[in-house]
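Visitor: Given next are the chains, with one letter for each unit.
Protein chains: 2
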Amino acid sequence: MKKVGLAMLGLGTIGSGVFKVLKENGDIIRAREGMDIEIKKILVRDKNKKRNVDVDKSILTDDPSEIINDEGIDIIAEFMGGENPAFTLIRDALRKGKSVVTANKEVIAKYWDELEEEAEKSGAGLYFEASVAGGIPIIKPLRRSLQANNIVKIMGIINGTTNYILTRMSEEGKSFEEALLEAQRLGYAEPDPTADIEGYDARYKLSILSTLCFRNRVTIDKIHCEGITRISPDDIRYAKELGYGIKLLAIAKKHDGKIEARVHPTFIPLSHPLTAVRDSYNAIFIQGDMVGDLMFYGRGAGDLPTASAIVSDIITAAQNGGTHHSVRLDEDKTVFEDNWKNEYYMRLVVLDKPGVLAEIAGIFGRHNVSLDSVMQKLRGNDNATIIFITHTACEKWIHDALDEIRRSPSVISVESMIRVER
Amino acid sequence: MKKVGLAMLGLGTIGSGVFKVLKENGDIIRAREGMDIEIKKILVRDKNKKRNVDVDKSILTDDPSEIINDEGIDIIAEFMGGENPAFTLIRDALRKGKSVVTANKEVIAKYWDELEEEAEKSGAGLYFEASVAGGIPIIKPLRRSLQANNIVKIMGIINGTTNYILTRMSEEGKSFEEALLEAQRLGYAEPDPTADIEGYDARYKLSILSTLCFRNRVTIDKIHCEGITRISPDDIRYAKELGYGIKLLAIAKKHDGKIEARVHPTFIPLSHPLTAVRDSYNAIFIQGDMVGDLMFYGRGAGDLPTASAIVSDIITAAQNGGTHHSVRLDEDKTVFEDNWKNEYYMRLVVLDKPGVLAEIAGIFGRHNVSLDSVMQKLRGNDNATIIFITHTACEKWIHDALDEIRRSPSVISVESMIRVER
Chain W
1188 MKKVGLAMLG LGTIGSGVFK VLKENGDIIR AREGMDIEIK KILVRDKNKK RNVDVDKSIL
1248 TDDPSEIIND EGIDIIAEFM GGENPAFTLI RDALRKGKSV VTANKEVIAK YWDELEEEAE
1308 KSGAGLYFEA SVAGGIPIIK PLRRSLQANN IVKIMGIING TTNYILTRMS EEGKSFEEAL
1368 LEAQRLGYAE PDPTADIEGY DARYKLSILS TLCFRNRVTI DKIHCEGITR ISPDDIRYAK
1428 ELGYGIKLLA IAKKHDGKIE ARVHPTFIPL SHPLTAVRDS YNAIFIQGDM VGDLMFYGRG
1488 AGDLPTASAI VSDIITAAQN GGTHHSVRLD EDKTVFEDNW KNEYYMRLVV LDKPGVLAEI
1548 AGIFGRHNVS LDSVMQKLRG NDNATIIFIT HTACEKWIHD ALDEIRRSPS VISVESMIRV
1608 ER
Chain G
1188 MKKVGLAMLG LGTIGSGVFK VLKENGDIIR AREGMDIEIK KILVRDKNKK RNVDVDKSIL
1248 TDDPSEIIND EGIDIIAEFM GGENPAFTLI RDALRKGKSV VTANKEVIAK YWDELEEEAE
1308 KSGAGLYFEA SVAGGIPIIK PLRRSLQANN IVKIMGIING TTNYILTRMS EEGKSFEEAL
1368 LEAQRLGYAE PDPTADIEGY DARYKLSILS TLCFRNRVTI DKIHCEGITR ISPDDIRYAK
1428 ELGYGIKLLA IAKKHDGKIE ARVHPTFIPL SHPLTAVRDS YNAIFIQGDM VGDLMFYGRG
1488 AGDLPTASAI VSDIITAAQN GGTHHSVRLD EDKTVFEDNW KNEYYMRLVV LDKPGVLAEI
1548 AGIFGRHNVS LDSVMQKLRG NDNATIIFIT HTACEKWIHD ALDEIRRSPS VISVESMIRV
1608 ER
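Chains as they are written, first to last, in this note's numbering: chain W, 1188 to 1609; chain G, 1188 to 1609.
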């Protein structure tokens, strides 16, 4: 039986998950894959800390060089998270010809080119299935099952925290703040939830996904990013009335040689399969020119789902040995589009007097924005709420129209502008 | 650039799809995968038939031996369908050391062991991603992304025809016959729809999926099979009232060393992601002990989606060269379970007189079946309809109870018995 020497960088939640998977399903892996994966060393900060897993203390080390220089170690699996020292360790491991398996979205999103280059030079493999959408197989299917396609569109629910919050708001009428508190209490949200609720986490993942799908380097600075902090129960209620759900979507499209990429709250029709993705589940919806619509659904986080992806990568790395299969980027010079087209939902509070609706409709018209539907709601205190859904329009037209609308004395506030996808 | 010599067996719908994909996306495949796939020969029945694709007539042949014996052909892709001559040709190709890519569910379900053995002997590869769920990547993810898991459950909507029919019945209140006629008119159902509507097509696919998931040979004779011909609009209406959808599911479970496998109409809660799979879409829901719930959704048929899977397999076959990765079956002797457990929905028409409900409830009780809910409906003509949902019970208890219920003079008919999954 093939022997595989593994080192782990980190023994937190995910590291412990990997430890458990290798222990509990080691028999299956030996029988079906014909390999025996042995954990030879584990990098930890504190060797004496009490652990949840029953690990032999003699394999713990706090010195990375003991791992990088160990000839008996073939594969290094990293789940320390954060940019550094993770990046340096991954790079050094690749330089030493050790294949690397990582769950680190930030490092892959930021240092893709450099790490691919190192891997190509040494022939070591670089694997990062677990960096996007936890346990859901997505990186490998994109690379190994959809090669015959020109991928034209990605829409992903790739942050479980925000999906949990939006589900609670939608199903129980909770406010954003209440739902966030609940998510924190249950461990779905961090004490500092910024990276999740502002969309930064989803942006790293979209950078990786869209680079892979379009074979063009989509760095995070090319991705427009809005979080869910301003979504109100009113918007969620109106969405339902109009036949939509609200999800934080990571969207990327490629058309006419242009790429657009963005993370923002989005209206999607209740009949769309993404709307049925509830709680902390993730799902990635992909459109290929040949295969049509596909969706991959599952657990986007958690120790064991993430470990499932990591151990799969470890097995693949061992099977591929010293052969690195680089992701070949296309050579064409792609333009990034920020004036994308969408339908738009907007909610305005205006003075309840004759002529206001006509005035606003006139402003939209002057900016080329044509309206699909208008709903007037909740009169009271001389105010009225007006809800618009537009036909397809350019992002800039909408912003220009809203600027002018905000200046009108009849308009009290523009409460929300949310893009609509189908 | 690597040159790959391909022969195609068949130039019908799927063959033409493969031809189109290789033509339209050949550039992408050359640039990203570094290989040039050349169609060297195509086996057809009639060389002079008019074709929808612009194919060079000189590569058409009606003599399979010209293909099997051609040294310039590395890979043979088969999409003739049916058992023979497809099986013989696949076997002979493998014997000659040519890798085979096939969309043929029947041949794989029936001759898995024999073909795997031939492949192992010659070192040629055997690939069949397109045999299950068309364009959805499922075979490769199961083999290459979920190796760290013990898969415990599969629930698949793997027949697009029946899903289309059930969707029309559910959304438009059509009868089975009306929905079938519409499906036939639109080309979603064959003129002879038996294989689809009786569940035989789904059974072949479940045989392949469950063999792969459980690493135990699940032949079609081990799979209980019921079609959708007896589903009535009444059942669909009551399902909705009770919070369920009705789908034709292919279900396989492994627990306590036992495997159960079955294809039948099934109640599933409206909140389950499988319920959102509409029209002719397919989806496969999988539960792994580590990864938890996963779902793969997409087009289960059609020329281009199926061709997407076939061309992906061709690329993989070329990359793997003469290395065949066999599916290693487990050695344990698994028992097949036909007395599985479920909740059950039943609809009875009974005489509308006092004591009938008590009598029926008594019969269920004597057979260990406890009831979760009872609904009495539609009185008229001295008849009443009673709907039961049971708690978890054994299949045999239900059959025994229904046998006794049918014999009661108070019971006019047992209209339906549909299993419930969650």
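Keep in mind that the hints were calculated from the coordinates and are not lab data.
These numbers were taken from a predicted model, which means no experiment stands behind them.
Note that the Cβ used here is the ideal one computed from N, Cα and C, for glycine as well.
Please note that the accuracy of each hint is not assured.
To be verified - Here are the simulated distance ranges between beta carbons:
id, chain 1, residue 1, chain 2, residue 2, range
1, W, LEU1558, G, GLY1430, 58 to 64 Å
2, W, SER1513, G, THR1510, 16 to 22 Å
3, G, THR1381, W, GLU1304, 56 to 62 Å
4, W, PRO1272, G, GLY1430, 25 to 31 Å
5, G, VAL1601, W, LEU1429, 53 to 59 Å
6, W, GLU1428, G, SER1458, 17 to 23 Å
7, W, LYS1427, G, GLU1359, 21 to 27 Å
As the list claims (entries may be wrong) - With a cut-off of at most 20 Å between alpha-carbon atoms, the simulated DMTMM-like pairs for lysine to aspartate or glutamate come out as follows:
id, chain 1, residue 1, chain 2, residue 2
8, W, LYS1520, G, ASP1214
9, G, LYS1445, W, ASP1480
10, W, LYS1445, G, ASP1517
11, G, LYS1210, W, ASP1517
12, G, LYS1340, W, ASP1480
13, W, LYS1210, G, ASP1517
14, G, LYS1327, W, ASP1517
Visitor: Does the structure break any of the earlier hints, and which numbers would those be?
Guide: 1, 4, 5, 9, 10, 12 and 14
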